[in-house]
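J.: Could you slot chain B onto chain X? The hints should help.
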Amino acid sequence: MTDVSLRQLPRYSRTFSIILGVASALLAAVAVMVGTATWIVWRGEYPDHAQQLSVSLGDINARAGEIQDVDGGIRLVPDRQGMVVALFDSAPWFPAFQFHNVSVAIADPAQVRASNFLWASREAPQETHSLPLARDGNMLRANLGTNPDWRGRINGIGIAVVTGKPVNVRAVTLHPPEPTLKYLIKRIWWEWYYREGYHGSTINGLRGAGQATLLPIGVAGGLALTIGLVMLCLVCRPRPSWSSAQRPAILAAVITLWVLTAMPWAREVWAEALWAVKTYGGKNETQRKLQEPDSRLYALAQKVKDTIPPPPQRIYVLSMGETGAKDFERTKLHYYLAPHNVLSAYRQLRPITKGIISAGDYVLILDRHHPSFKFSDGKIKPGYPVKMLFEWQGARLFRIESSADD
Amino acid sequence: MIDYFRLCLALLSPWLCGYWICKVVLPRKVSLGFRLGAGYFIGFGLTILLFWSLGVITGVLHFLPVVAILIAVATAAAYLDRRYREPKPFTQWQINWSVVAVVTTCALLVVPVIVDVWLRPLFPWDAWYSYSLRAKVYSHFQELVAFIPQREWRNTNNPEAFNTNIRHGEFIALIQTWVAVGFGRWSESLVNLPWPGAWLALGLLSGGAAREQGYTMLPATLAGSAIIFLPLAGVHAVLAGYAELWVAGYAVLFSGALMAILNYQSLYRWGFIAFLATPGIIVSKQYGIILFLILLGAFFLSLFCSRVKYLLLAFVLFFSVALGWYLALGAPFDLALKTELTGPIGFHNGALHIPGIPKIDISGGSGSSAILVSALFGSRNFLLMSWLTLGLTVLAAVKFSASAKARFVTYWVLFIGFASWLAFSFTSASSYLDVATVHSRFLLVLLLIGFALSVCGQTADSDCSVQSR
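As you go down the protein sequences, you meet chains X and B in turn.
As numbered in my numbering, residues 1 to 406 make up the first sequence, in order.
As numbered in my numbering, residues 1 to 469 make up the second sequence, in order.
In isolation and in its complexed conformation, chain X is listed as follows (with noise of 0.2 Å):
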């Protein structure tokens, strides 16, 4: 039989070549979405990392009322209005598109009056949504895909519930809507191409639409890759290897894969550059740094520097919390104030080593209100003589008259 492959083809076969290429590529992405997509349908169930997304309620942060920790969940407690609002701190961020239906299991729903979801996204990151929650047996539901407010990257979650006793919750999950093969193809696409900005942790890694990601690009890619290569084989026949008129095949397929997968990047890219050049784009070095998130940071690091002698002058930046927001509060104020020489530390002064504090040198607390930073009769503890300077924003400056202490 005559081996009919494109060995035998005229010239043209290079341009033929590349379309099979960019063919055999197309149709292998839209093999993969649309089979990730009908074995989901198939199976009737998500994939076990986008199943639900149970809220940890290990920091919450009660806006009203009291947040008990108890074995198996935590408890509500009312406030005289009969009020409890908590907002899960420790959520992760994610598309509302991903998950259309929350669940709040309590112990005791007879207790509670009314409760509602509260939520807020980042594209209005000063609105506060919410959505009533109804009784369901020993859980509370809501339906949040039909709100028109559920929509963009949800950063924040929470509940209000108002209840005359202590409730307990035993756990708090988002779900995503019922899997048809509209959707899930809808989905897939967005969690490709979905914008996730740049944030404190991309320097180790893109997230794209998090955890609960269905087909993640880089193995969408890699299977697109190896379904395209091996239909070239098919139908290309190398024998024994690829011929010349071939294996532009490969390049081609190996390139369309390549673009697709990298446009998601390279929008993300061109966004945030025009987001830097309308939020930087004309303004001087102090003004740029006071579109920041942590301007308050760097405008009381100005206003230290603007006090204080130039550097360096040896400053002390105290506040309690060994981790977490306040550590990155004192680092980064460490930076700020550079190049003055400073020691960022957590707790007070006395774990210092006594001779090393001098008259001069300058303390900045961050926690005015923590009884271990209490100013009185002229000292901070352990007993250091001081002079106050400035207290701004809960901040105050002090400079250390004396080394002596008790």
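I should point out that these hints are in silico values taken from the structure, not numbers from a laboratory.
Don't take each hint at face value.
Derived coverage of chain B by chain X (criterion: at least 3 residues anywhere in the stretch with Cβ under 8 Å from a Cβ of chain X; other residues may be distant) [as the list claims (entries may be wrong)]: (1) 119-129; (2) 231-237; (3) 376-383.
The calculated lysine to any residue pairs, modelled on SDA-like cross-linking and capped at a C-alpha distance of 20 Å, are [what the hints assert, rightly or not]: (4) X:Lys283 - B:Asp126; (5) X:Lys326 - B:Ile166; (6) X:Lys283 - B:Ser187; (7) B:Lys338 - B:His348; (8) X:Lys381 - B:Asn155; (9) X:Lys283 - B:Arg185; (10) X:Lys332 - B:His140; (11) X:Lys305 - B:Arg185; (12) X:Lys283 - X:Arg314; (13) X:Lys326 - B:Asp126; (14) X:Lys379 - X:Ser403; (15) X:Lys305 - X:Gln287; (16) X:Lys381 - X:Arg399; (17) X:Lys379 - X:Arg314.
Each residue gets a CB set at the ideal place from its N, CA and C atoms; glycine is no exception.
T.: What follows is chain B alone, placed relative to chain X:
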């Protein structure tokens, strides 16, 4: 205006010096892309060395004297090149529109990155806390101020020493210091400008190295553009201030030089380039020395293993890969000799038992392998590059007995894979595994090197760069 002129000097004089060093040292036929890419890293390495040395000797960080030295070196190299080397034969320029299209596409990504870096203040945590803190202090006082650990600072009365808890080397901090001293003041955004340059130079280097190994213009340009379009590499260019692009750049330069030597090209010229790249790998990050040793070890093994019987070599390779997978999966079944006197010797219950020493738990290895594989092949960071590198490495391994370059690639993958698994399973790096703080950045460096090597390792061991022209 004068400060922006000095800023241009700070950015361009290292590149100019490095380019002319490469031009006079390397063979005539080496591509412009390789010379530009290599010149960037060599130039900045030399600049920081001069900057630091003068700072140590004189006690002051000088800018104009260092620029004068760089320009003098560049001028001398240009003179030597013109005076003593035969001119390159004139060749008619032909426009390859495919290459133009690829370069234009890259430019569409490079331009917004440079604009973003120009405007955006310093952003990532480690950048401002570990490197830029020191750079800010050095540039203000224009001297190499002493930095000691915080604990030591709290216990000693050394009023002139500053403190930091981060133990990274000085190289990255000095790059920002150089730019700040050149500009005349600290700028949160302008000190980051060398980073998009390193990113661009890495792309030029990878494409140029492929060209040296016999690829025609279009595939070589595509190899370079793959680096430009790699998301996590682009992130490191935009959110500047980290060391990874520099480690990768020096390592790709080093391995590109070694590849050229394996290609029967001039040992002394390429050896000199490898020598110039070596300090950059070692000082830019703590694990740079491990990368250097593994690359060097893989290089020497690939030279000499051609004398070993193919069958024995195949057995060693198979055994190594099998053992590696066995350990990576956490020793799923026992492989031990059990005696009444000593107990088990070998792998038993997920641990390695050797009489006389405490058992070593292997089972932790399976967790680290899963996380590394997921980060490499599933994340948005690397897209198709991991898959392509894997495929090209397998293709290179198939040619193991026929090509020293293929052996180089295979040994590199085996050794670095094993070393990484060891590091993430049994050292303090394992505590960072889940958080991506360490593993994604480390994988970025490995992938940038691995991709360049696997592309270059496909061609035969011959003077490919002559045949391709």
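J.: If a hint holds in the structure, say so; if it doesn't, say that too.
T.: Structure-based check of all given hints:
1. 119-129: holds (count 10)
2. 231-237: Answer holds; 5 residues pass the 8 Å Cβ test.
3. 376-383: holds (count 7)
4. X:Lys283 - B:Asp126: Measuring from Cα to Cα gives roughly 26 Å; hence the hint is violated.
5. X:Lys326 - B:Ile166: 18 Å, holds
6. X:Lys283 - B:Ser187: Between X:Lys283 and B:Ser187 the Cα gap is close to 13 Å, so the pair holds against 20 Å.
7. B:Lys338 - B:His348: 9 Å, holds
8. X:Lys381 - B:Asn155: 19 Å, holds
9. X:Lys283 - B:Arg185: Judged against 20 Å, a Cα distance of about 17 Å means the pair holds.
10. X:Lys332 - B:His140: Within the cut-off at roughly 18 Å; holds.
11. X:Lys305 - B:Arg185: Distance ~16 Å between X:Lys305 and B:Arg185 Cα, so the pair holds.
12. X:Lys283 - X:Arg314: 31 Å, violated
13. X:Lys326 - B:Asp126: 16 Å, holds
14. X:Lys379 - X:Ser403: Holds, because 11 Å separates the two Cα atoms, which is no more than 20 Å.
15. X:Lys305 - X:Gln287: 17 Å, holds
16. X:Lys381 - X:Arg399: 13 Å, holds
17. X:Lys379 - X:Arg314: 18 Å, holds
The structure does not agree with the numbered hints 4, 12 stated previously, though it agrees with the rest.
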